[in-house]
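Asks: Take a look at the letters that make up each chain.
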Amino acid sequence: MGKPASDGKHLSEEEANNLVVEHHGWTESIARAVARAWNLDWRLDGLDGAAMEALIFCSRRFDPSRGIPFKGYSRRRIHEVSTEAARKSKGWSRSMSNKTAAENKARELSAELYGVFPDLRDGRLPVSESSGSDDSDARSAIRELLIGASLVATKQAVANGPLPDELMDYKRMVGVMACLEPVHQLLLYKVYWDGISLRNVATEWETDGLNVMREHKVLIAYLQKSLAQGKPAALPKVRPGLKPLVTKLKSSGNKGPFTDVLVSTA
Amino acid sequence: MGRKDDKDKKIDKIGASDATKRVKSTEAVSDVEKVKGASAVSRVAGVSGVGGTQALGKISLEQREKLMGIVTEEAAKLAAQGVIPNSQREIVEQAVKMVIDATLIESSEEKKR
Chain A
0 MGKPASDGKH
10 LSEEEANNLV
20 VEHHGWTESI
30 ARAVARAWNL
40 DWRLDGLDGA
50 AMEALIFCSR
60 RFDPSRGIPF
70 KGYSRRRIHE
80 VSTEAARKSK
90 GWSRSMSNKT
100 AAENKARELS
110 AELYGVFPDL
120 RDGRLPVSES
130 SGSDDSDARS
140 AIRELLIGAS
150 LVATKQAVAN
160 GPLPDELMDY
170 KRMVGVMACL
180 EPVHQLLLYK
190 VYWDGISLRN
200 VATEWETDGL
210 NVMREHKVLI
220 AYLQKSLAQG
230 KPAALPKVRP
240 GLKPLVTKLK
250 SSGNKGPFTD
260 VLVSTA
Chain B
0 MGRKDDKDKK
10 IDKIGASDAT
20 KRVKSTEAVS
30 DVEKVKGASA
40 VSRVAGVSGV
50 GGTQALGKIS
60 LEQREKLMGI
70 VTEEAAKLAA
80 QGVIPNSQRE
90 IVEQAVKMVI
100 DATLIESSEE
110 KKR
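For the record, the sequence lines run as chains A and B.
Read in numbering that gives the first Met the number 0, the first sequence has 69 at position 70, and its numbers run on one by one without any break.
Read in numbering that gives the first Met the number 0, the second sequence has 28 at position 29, and its numbers run on one by one without any break.
No wet-lab data here; the hints were simulated from the structure.
Be aware that one or more of the hints could be misleading.
Which bits of chain B does chain A cover? Going by a derived footprint, with three or more residues having C-beta under 8 angstroms, they are [said to hold, decoys possible]:
no. : segment
1   : 54 to 66
2   : 71 to 82
3   : 86 to 93
4   : 103 to 109
We put the beta carbon where it would ideally sit given N, CA and C, even for glycine.
Generate the whole structure from the sequences, applying the supplied hints.
Replies: Here it is as structure tokens:
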């Protein structure tokens, strides 16, 4: 191998350069995937350069003593930089003007979904626990993505002023969410309105990530059932890990952000 | 009767106590045996299903067609149930396809060191 690491944690320059050489092809495939999905040219639109820069950056900061493989450490960063480069590229704005309004909206919506489901950047569907069947896990994760995308689309439409024929749909969705416990409303609001990932919500609430992920799954199932039957389903109970927050919200008189929206628009 | 019992229980003589014996010295602790290395796990069976994913939710380019098919099917179901408003269906379905597609790379690239 190369020279020993200079500070005992990070790699020497030679070792870092070896990582860049080894992972060059893999990095390009990430940039190509982003370009393919958004119908861009990965070279002309500068995704190759951005991805390579991210690879070099990660190789310099990689600390092998942490026990995380380099691909696991760098993939999210490389993907993030590639998507940012795509959104700033000429191809993005050029194809925006050529495409239909629906396609443009879909593209903007997909870019926003990475904030809600950052696991996608690691090449993983949002699956927090395995049911034992990959097929049903994939199907359930895709359902979660579709309902999540619908919530983000609702938020975008509400912010931009919805069309009259869409107004009833959005009011129905907000109405179903407003029936929930304030803590559940807050969870949905933080994820879909503020664009904070589930893991970051867990950190902010000083609770285990799985608590928030499991609760989110329950809320999505509640939304699906309520919207399908046209009236609110049985309210999900708050899991014990989130009870301290319930007390806090109750003592501050918080009724939930969606309830506030309904009250203010009534 | 009671009087006879009292007579029977009289203490005759207190015997001398035995001399305290020497406390034996402890034996030296023999060498602690070296911790042996754990034997390697022979093989972990692959996961079956959508192309045999290795980590939870892991997807690759080889599964693209299947995943896109699931998105179409589930979007249709959710729209039919009224979960996704009809006005949103096309956008939502397309956005989810894009977001998945942009994460798919060849599994051969994933496996390379």
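Asks: Determine for every hint whether it applies to the structure shown.
Replies: These are the hints, each one checked on the structure:
1. 54 to 66: Answer holds; 8 residues pass the 8 angstroms Cβ test.
2. 71 to 82: holds (count 6)
3. 86 to 93: holds (count 7)
4. 103 to 109: With 5 residues in contact (Cβ-Cβ under 8 angstroms with chain A), the coverage given for the segment 103 to 109 of chain B holds.
Against the hints set out earlier in the document, no violation occurs for any number.
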